[in-house]
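Let chain A serve as the given structure and place chain B on it in line with the hints.
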Amino acid sequence: MRLIFLIALLLAGSAHALDKAAVEKLAFGDGDERIAAIGQLVAEADPRAYEVLKALGEGELQTAGKRVLIVRGDEGVDAATGEKVAPLPPEREDVVANNRLRGAIGDALAGLRLLAPERAPRLTAARELAAGSDAAMLPLVKKALEKENDPDIRPLLELAVASMEMKSGDKAQRLAAIRMLGASTSPNSKTLLAEAARDADVDIRSEAQKSLRAVEGRLAWGERAGLLFAGISLGSILLLAALGLAITYGLMGVINMAHGELIMIGAYATYVVQNLFRAYLPGAFDWYLLAAVPAAFVVSACVGMLLERVVIRWLYGRPLETLLATWGISLMLIQGVRTLFGAQNVQVENPAFMSGGIQVLSNVVLPWSRIMIILFAGLVLAGMWAMLTRTRLGLFVRGVTQNRAMASCVGVPTARVDTWAFGLGSGIAGLAGCALSQLGNVGPDLGQGYIVDSFMVVVFGGVGQLAGTVYAALTLGFANKLLESWSGAVLAKIAVLVFIIVFIQRRPQGLFALKGRALES
Amino acid sequence: MKRRGVLKVLGMSAAIAAIGLGTSSLYAQDKTVKIGILHSLSGTMAISETVLKDTVLMAVDEINAKGGVMGYKIEPVVVDPASNWPLFAEKARQLLTQDKVAVTFGCWTSVSRKSVLPVFEELNGLLFYPVQYEGEEISKNVFYTGAAPNQQAIPAVEYLMSKDGGSAKRWVLLGTDYVYPRTTNKILRAFLKSKGVAESDILEEYTPFGHSDYQTIIAKIKKFASEGKKTAVVSTINGDSNVPFYKELGNQGLKATDVPVVAFSVGEEELRGVDTKPLVGHLAAWNYFMSIKSPANEEFTKKWATYAKAKNIAGHKDKPLTNDPMEATYIGIYMWKQAVEKAKSFDVAKVTAAMAGQTFKAPSGIVSKMDEKNHHLHKAVFIGEVKADGQFNVVWKTKGPVKAQPWSPFIPGNDKKKDEPALMAEKK
Chain A
1 MRLIFLIALL LAGSAHALDK AAVEKLAFGD GDERIAAIGQ LVAEADPRAY EVLKALGEGE
61 LQTAGKRVLI VRGDEGVDAA TGEKVAPLPP EREDVVANNR LRGAIGDALA GLRLLAPERA
121 PRLTAARELA AGSDAAMLPL VKKALEKEND PDIRPLLELA VASMEMKSGD KAQRLAAIRM
181 LGASTSPNSK TLLAEAARDA DVDIRSEAQK SLRAVEGRLA WGERAGLLFA GISLGSILLL
241 AALGLAITYG LMGVINMAHG ELIMIGAYAT YVVQNLFRAY LPGAFDWYLL AAVPAAFVVS
301 ACVGMLLERV VIRWLYGRPL ETLLATWGIS LMLIQGVRTL FGAQNVQVEN PAFMSGGIQV
361 LSNVVLPWSR IMIILFAGLV LAGMWAMLTR TRLGLFVRGV TQNRAMASCV GVPTARVDTW
421 AFGLGSGIAG LAGCALSQLG NVGPDLGQGY IVDSFMVVVF GGVGQLAGTV YAALTLGFAN
481 KLLESWSGAV LAKIAVLVFI IVFIQRRPQG LFALKGRALE S
Chain B
1 MKRRGVLKVL GMSAAIAAIG LGTSSLYAQD KTVKIGILHS LSGTMAISET VLKDTVLMAV
61 DEINAKGGVM GYKIEPVVVD PASNWPLFAE KARQLLTQDK VAVTFGCWTS VSRKSVLPVF
121 EELNGLLFYP VQYEGEEISK NVFYTGAAPN QQAIPAVEYL MSKDGGSAKR WVLLGTDYVY
181 PRTTNKILRA FLKSKGVAES DILEEYTPFG HSDYQTIIAK IKKFASEGKK TAVVSTINGD
241 SNVPFYKELG NQGLKATDVP VVAFSVGEEE LRGVDTKPLV GHLAAWNYFM SIKSPANEEF
301 TKKWATYAKA KNIAGHKDKP LTNDPMEATY IGIYMWKQAV EKAKSFDVAK VTAAMAGQTF
361 KAPSGIVSKM DEKNHHLHKA VFIGEVKADG QFNVVWKTKG PVKAQPWSPF IPGNDKKKDE
421 PALMAEKK
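In the order they appear, the protein sequences are chains A and B. Under the working numbering, the first residue of the first sequence is numbered 1, with each subsequent residue one higher. Under the working numbering, the first residue of the second sequence is numbered 1, with each subsequent residue one higher.
Chain A extracted, bound-state conformation (with noise of 0.2 Å):
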C-alpha cells in the first residue's frame, strides 16, 4: 500500500480515472485484447493503473453487468474511476487470468514498480524483468533506465533491454545485446541465446554461438551444484533412515525388519502433534515441529523399547527367527496404524519457514525443506555420536556389543543396556519419520519404502560402523541422483542395487570392516 501511495507522489498525477474503454476490454475482451489493455494502462503509468492490475493478478477483479469493480471482502471499488462502491451489486462474476495473462500483468507491474523512489521494489522488479520478459515492456524500462543510478540495478535493467532488443532491434542492436547477454549467467539469456544461434544471418549466428557456449558454460557449474546438493539431500535423507538401524542393527546384531515401521510411527508422531497444534495453538502452528520431534523420538523409542522387551530379547543369537518375528511385528504396526488412523495417508503441512527455497545462482534453488533436513540429520548424527561416546550408556551399549560376557562379568547390567540401546535406535528411527514427512507422504506404508535402503545402507557401509554408515548413505545419495539425471529414476534404481550386490560380493564386509572379534561372531 504503501508502495502505491509512493508511486501516487512519484507521478504526481491525482488519482484521475482511468481510460474506461481499456478497463472493460480487459475485464471482457479475448486474449489478444487484453494483453493490449494491458499494454494501454501501463503506458498511462497511474496508480490506478498499478491497482487495478495487480487486482487481477490477485483474482480480485469482478464484473457486475457492464461494470468492473475491484472487490476485497466484502468492500469493493469502481476499477476504472476508484469510486467506492456500496452496497455491492449481488450478481458478480470473477474475471479470469489465464497464464498468459499473468505473465504479462506480472511484467506490467514489475515496469511500474521500476518508478518507485525505494531501493529494494525497484531491485526486485529489476530482477524479474531480467529473467525474462515481453518486448512490450521495453520503452518503460528505457525510461526508467535513464533515471537508474544505483550499480545493483542498472545492470539488471541492460540485461533486461538486451533480451527484449534481441528480438526486435536492428542488426548492431542485436549483435551489442547479444555480446551483453554473453556476459549473464541467467537461463533466460541462454534461451534468447539458442534461439539467436540459428539465425539466418551468419554475424548474428556466430556471435551467438559464442555467447551461448559462454553462458552454457556457467550455466553447467549451477547444474552440478544442484546435482551436488540433491544427491547430499537423498543422502541425509537416507542417512536419518539407517542411523538407527546402524544401532540396532549394526550395534546390536538384531535384523530389525520392523525398523521402517517405526520411522512411520515417527512421522504418525508428528502428525498427531501437528493436529493438536491445530486444535489448540493455532497461533503457534508454525512452530509444531519443535514439540514433533521429541514427540516422534518418544513414542518410537518406547514402541522399540517395548518390542525390545517383549518379542525380540528371547530371540538374541537366533537372527533368522528375529526376521521372521520383526516382519511379522512390522505387519501388525502396518495394520494397527490402518485400524487408528485409516488406510488412506494423512496430511502433514509444512510450517511457513519450511516452504519456498533459497536461490543461489541464476538456475539453482534450493528448497528451505531439504536444507532443514540436512541440518537435522547433522544433528542428530552429532547427538548419536555424542552419546555413543561421551556418556555412561554409550560406553556400556559399546561394551555390551564388544563382549557381552565380559560387560556382564564387570558389573553392566546387560539386559537394560539392550533395552536402552534398541530404545536408542527407534527413537532415531521416529526422528527420520518425523524429517520424512516434511518432504514425501505419510501412510501406513511409509517405511516399507525405506526399510529396503536403511539395510542397504548399514551393509554398504559396515555392519557395526557409524562412520561408515555415514559415508555409505552419501555415497549411494550421490550414485542414484547421478544415474537418475543420466538414465532416468526407473533404471537408475536398478543400477544402484546392482551396483552394491557386485559390491557385497566384493567385500563382504563393507566399506570399513571392524578389526578384531567383532559383535561375538
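Keep in mind that a hint or two might mislead.
Mimicking DSS-like on lysine-lysine, the simulated pairs with C-alpha atoms at most 30 Å apart in a straight line are [what the hints assert, rightly or not]:
| no. | chain 1 | residue 1 | chain 2 | residue 2 |
| --- | --- | --- | --- | --- |
| 1 | B | Lys140 | A | Lys54 |
| 2 | B | Lys229 | A | Lys142 |
| 3 | B | Lys255 | A | Lys143 |
| 4 | B | Lys387 | A | Lys54 |
| 5 | B | Lys163 | B | Lys403 |
| 6 | B | Lys277 | A | Lys25 |
| 7 | A | Lys54 | B | Lys230 |
| 8 | B | Lys387 | A | Lys66 |
| 9 | A | Lys66 | B | Lys293 |
Derived from the structure by calculation, the hints contain no laboratory data.
Relative to the frame of chain A, chain B by itself:
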C-alpha cells in the same frame, strides 16, 4: 388331543409363513441386488480411489431412498484391492462368482483395469470404469465413463500450443512408469510430430509408482526449458507421487508463467494438503471441475458435502471436494440404473444393449450421452488453472460434448479398427 394340538400349531405357523411371504412380496424393498465396488482403499492409489468408493455409496443411498432400482434395493459389496494389480483380478473374481454382483464400479489405473479385464470377459460381468485413460480398448463388458485421449490429452496439448496457452514449442512428457502414461505419451508424441514438433524438442521421463524424490526431474525440466523456445510439461504422474512432485515444483520456484505443467491425473483431491500458492497457474485438463457453475453441479457438490458430513468422511467432512472421476462415477451408476429400468432386467447382455444412447444431466453442466456403439461417454472438455485455494479456474472449454475416440488416429493401424466392441467370434 396332543396330536391335534401339534397339527394346529403347524397349521398356524404355515398360515403365518404364508402371510409373511405375502407381505414380503408386497414390500419390494426386501428384494435386493448386489453391486461391487472395486477401488483401492490402501496403498499408493488410495489417495485418489477412496473417495470414489464413497461416491458410489452416496449414489446408492440416494437411489435406495427413492425406492431402489426397479424396486430392488441396492446392496453394495466393498472390497479393497490395495493398489495391488493381481489382487484386483482376484477380488473381481470374488465379486462375480461369490457375491454374484450385477455390476461393478471400480479401477483407477489402467494396469488394474487390464488386470481385471480377462475376468470380466470370462465370467461375463459388467464393469463401469470412471477414469480418463489411454484408449486402445473397447470391451463389451466395460463402460468407460472417463475420457479417452481425444477428450483430454489432445485438447490440453492443443491449448498449450495456442497463443492463449503460451504457444509452447518444446515438450516434457513426464509420467509414472506403467501402461497409461506410456501409451498416452506415445499418442502425444505422434500428435506433436504431426504438428511439426521435432524429435529433439520432446523429452520423455518416467518415475516408478510411489516415487518421492523429484529433485533431479525438476532440475532436468529446468535445463530442458532453458535450451530455447517455450517449454511445457505434460504430467501423467499418478497416485500419491503427485504430492512430493508438486511440493518440489513449488519449492524450486518453477512458475507456471515460465514452464506450465498440465496434469491429467491431478484434481482437487490430489492437491489437498499441498500448498498451492506457488502452483498458481499450473493446469489440469478434465471433463469436470468442482468450480464449474451449473445448477446440476451446485446440487452435486451440496449433496456430497452433506453426505461427507453425515458419514464423517476423513478430510471431506471439514473441506468437501468433488472431482472429475467422482462425477464420472456418479454418472455411471445413474446410467446403469436407467439402463436396468429400460431393459427391465439385471442381465448383463440386456443392460448393455439398453445402455446405448442413455443420457444423464451431468454435474459438469452438459447432458452426457453414452455412445450408441463404442461404450464411451460423450463429454465436454475443460482446461483449468490452479488457484491459490486449490480449486481450478476454467480457462478454456469445448463448445459442447465431444465423442470419444478410443482408437486414437495417431497410432498407426487404428484406422482399421471398429468403433464398437468386437464380437467374441470375431475376436478369435
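If you test the structure against every hint from before, which numbers come out violated?
As far as the earlier hints go, only 1 is violated by this structure.
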